[in-house]
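Could you put the whole structure together from the sequences, leaning on the hints where they help?
Using my numbering, the first residue of the sequence shown is number 1, and each one after it goes up by one.
Keep in mind that the hints were calculated from the coordinates and are not lab data. Accuracy of the hints is not assured; some may be wrong.
[Said to hold, decoys possible] Derived CB-CB ranges, DEER-like:
id : residue 1 : residue 2 : range
1  : F51       : L2        : 13 to 23 Å
2  : F51       : A21       : 17 to 27 Å
3  : V13       : V57       : 15 to 25 Å
4  : T61       : P4        : 34 to 44 Å
Being a predicted model, the structure only gives us computed values, none of them experimental. C-beta: ideal position from N, C-alpha, C; glycine also.
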Amino acid sequence: NLTPKQKAMLNVVIKLAETAAKVEEADRAALRAAGFSDRDIWDIASTVGFFNMSNRVAAATDMRPNPEYHGMAR
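The following block contains the structure:
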């Protein structure tokens, strides 16, 4: 039940997370065409970048959530 706007965002998010070097102007243009502003694109990229970084750090250090966080069903 995703909207076309959500699907456009997820297409770029997946590409950014898996093959960031392949993101190009056409991807940004697709986001703009779906209704995202340049600020929105910045926010999307920043969120993806943060989660990629934090997940890699957690994996590298074998970090596990504390019981309180884990109990939040995340």
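Consistency of the hints with the structure:
1. F51 with L2: 13 to 23 Å: holds (19 Å)
2. F51 with A21: 17 to 27 Å: This hint holds: roughly 18 Å between Cβ atoms.
3. V13 with V57: 15 to 25 Å: Because 20 Å falls inside the window, the suggested range holds.
4. T61 with P4: 34 to 44 Å: holds (39 Å)
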